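Protein chains: 4
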Amino acid sequence: MLGPAPVKADVECCHKAEHGAHGYNENKDSHLRRLRRIEGQVRGLARMIEQDDYCIDVLTQVSATTRALQSMALGLLDEHLKGCVASAIHHGDDPEAKIAEASAAIARLVRS
Amino acid sequence: MLGPAPVKADVECCHKAEHGAHGYNENKDSHLRRLRRIEGQVRGLARMIEQDDYCIDVLTQVSATTRALQSMALGLLDEHLKGCVASAIHHGDDPEAKIAEASAAIARLVRS
Amino acid sequence: MLGPAPVKADVECCHKAEHGAHGYNENKDSHLRRLRRIEGQVRGLARMIEQDDYCIDVLTQVSATTRALQSMALGLLDEHLKGCVASAIHHGDDPEAKIAEASAAIARLVRS
Amino acid sequence: MLGPAPVKADVECCHKAEHGAHGYNENKDSHLRRLRRIEGQVRGLARMIEQDDYCIDVLTQVSATTRALQSMALGLLDEHLKGCVASAIHHGDDPEAKIAEASAAIARLVRS
Numbered sequence: 001m002l003g004p005a006p007v008k009a010d011v012e013c014c015h016k017a018e019h020g021a022h023g024y025n026e027n028k029d030s031h032l033r034r035l036r037r038i039e040g041q042v043r044g045l046a047r048m049i050e051q052d053d054y055c056i057d058v059l060t061q062v063s064a065t066t067r068a069l070q071s072m073a074l075g076l077l078d079e080h081l082k083g084c085v086a087s088a089i090h091h092g093d094d095p096e097a098k099i100a101e102a103s104a105a106i107a108r109l110v111r112s
Numbered sequence: 001m002l003g004p005a006p007v008k009a010d011v012e013c014c015h016k017a018e019h020g021a022h023g024y025n026e027n028k029d030s031h032l033r034r035l036r037r038i039e040g041q042v043r044g045l046a047r048m049i050e051q052d053d054y055c056i057d058v059l060t061q062v063s064a065t066t067r068a069l070q071s072m073a074l075g076l077l078d079e080h081l082k083g084c085v086a087s088a089i090h091h092g093d094d095p096e097a098k099i100a101e102a103s104a105a106i107a108r109l110v111r112s
Numbered sequence: 001m002l003g004p005a006p007v008k009a010d011v012e013c014c015h016k017a018e019h020g021a022h023g024y025n026e027n028k029d030s031h032l033r034r035l036r037r038i039e040g041q042v043r044g045l046a047r048m049i050e051q052d053d054y055c056i057d058v059l060t061q062v063s064a065t066t067r068a069l070q071s072m073a074l075g076l077l078d079e080h081l082k083g084c085v086a087s088a089i090h091h092g093d094d095p096e097a098k099i100a101e102a103s104a105a106i107a108r109l110v111r112s
Numbered sequence: 001m002l003g004p005a006p007v008k009a010d011v012e013c014c015h016k017a018e019h020g021a022h023g024y025n026e027n028k029d030s031h032l033r034r035l036r037r038i039e040g041q042v043r044g045l046a047r048m049i050e051q052d053d054y055c056i057d058v059l060t061q062v063s064a065t066t067r068a069l070q071s072m073a074l075g076l077l078d079e080h081l082k083g084c085v086a087s088a089i090h091h092g093d094d095p096e097a098k099i100a101e102a103s104a105a106i107a108r109l110v111r112s
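Residue numbers (our numbering), protein chains in the order written: chain Z, 1 to 112; chain B, 1 to 112; chain P, 1 to 112; chain S, 1 to 112.
Honestly, the hints are just simulated from the structure, not real lab data. Check before you lean on any hint, since a few could be wrong.
Since the list gives no way to pick out one identical chain from another, each pair is judged satisfied if it fits inside one copy or across any two copies.
[Said to hold, decoys possible] DMTMM-like mimics (lysine to aspartate or glutamate), calculated; alpha carbons at most 25 Å apart, straight line:
1. Lys28 to Glu39
2. Lys28 to Glu101
3. Lys28 to Glu50
4. Lys28 to Asp52
Predicted model, so just to flag it, every value in this text is computed and none were measured.
Same shape as in the complex, but just chain Z (with noise of 0.2 Å):
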């Protein structure tokens, strides 16, 4: 008999080819809509360029673009780690190698 439930029973893992079930799935549509959200910033930047506005003003814009992508990071990551670690770790499914791959994943977001 295995242990307690996983945290999301119904989430084996994010990686498609390898369970056909997502961490990510049932927020997909949501994050689609932050890049819809995202693709329509940085061609508000085009516009700005464009029309020769003032670097400064460029600049706030890139920050807000900036930190809305790493939002959407930080919310993919914690899909990943309630679906996808979790399950990893629920199941005994090489635990380790999953969350060696999140904390590098982790370390590039801090980097960049």
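Guided by the hints, dock chains B, P and S onto chain Z, whose structure is given.
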């Protein structure tokens, strides 16, 4: 008579409303190309989410996109210092305010 | 019977009050050595300011010190995921709360 | 005759070897006080590790220490722009090199 030549003689300031010339004018095409590439990266992220790509792979691409935005911001800031700020210092056109404004933009970049 | 072995069988959690064992216990000496080195870097910064070193050189050393602190934080976080979070998931000991808490710490690191 | 007064008339440059005066000279005590506080924060981190404090609490303090270092860096940079860079631009003393050097320091801060 004025002192030594400004860093960019032909560039007064990047604020159109004030001067009709811009620190980033000569690199405008390069900025627009960069932004089109970044827009493509954001659309690529949406495609990854749509086809249920592995979260860690999505996160890697988010980090790359964030870095591309930061590089663009650092380029704009460098031009702003060379153009607008240098000109304000050279002409005594309220340089304290221009430097304080640039420092605030740098702080936003460092903290975002 | 419990499921597969936790990632670190002998490490329940890094919270002393709760478990008397810690995720970072086995690396305690390494963390203390790192912190002593970082303390030395901060004292070196004060020495640079005292002897009027060039600002840009001081800034380079501040960046190096910040990176050393971040590396230490990333190491602690990795151990926390392997120890405390993995144990909470494995034992069904309120894993949602542990993951939410880790995600909040990751967000603070990314944004600082 | 020279143009308008530099931003800080009495401050040539923060490079001792070149000018014997420093952009951060007048704030030297404030920087040294900040660094002593940061040194105290780093020693506090070592104490937390020694007494086996909870990892997440240690991480919160690491983030606070990182932010304190960044604030100090942003202060130094602001003074460098007002003193050394403004002076180089005002006196035509190789301003391109000074701005390129400042931009490189800003990039290191943004990326660390």
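Hints, one by one, checked against the model:
{"no.": "1", "hint": "Lys28 to Glu39", "in the structure": "both (16 Å within a copy, 20 Å between copies)"}
{"no.": "2", "hint": "Lys28 to Glu101", "in the structure": "both (22 Å within a copy, 23 Å between copies)"}
{"no.": "3", "hint": "Lys28 to Glu50", "in the structure": "between (33 Å within a copy, 7 Å between copies)"}
{"no.": "4", "hint": "Lys28 to Asp52", "in the structure": "between (36 Å within a copy, 9 Å between copies)"}
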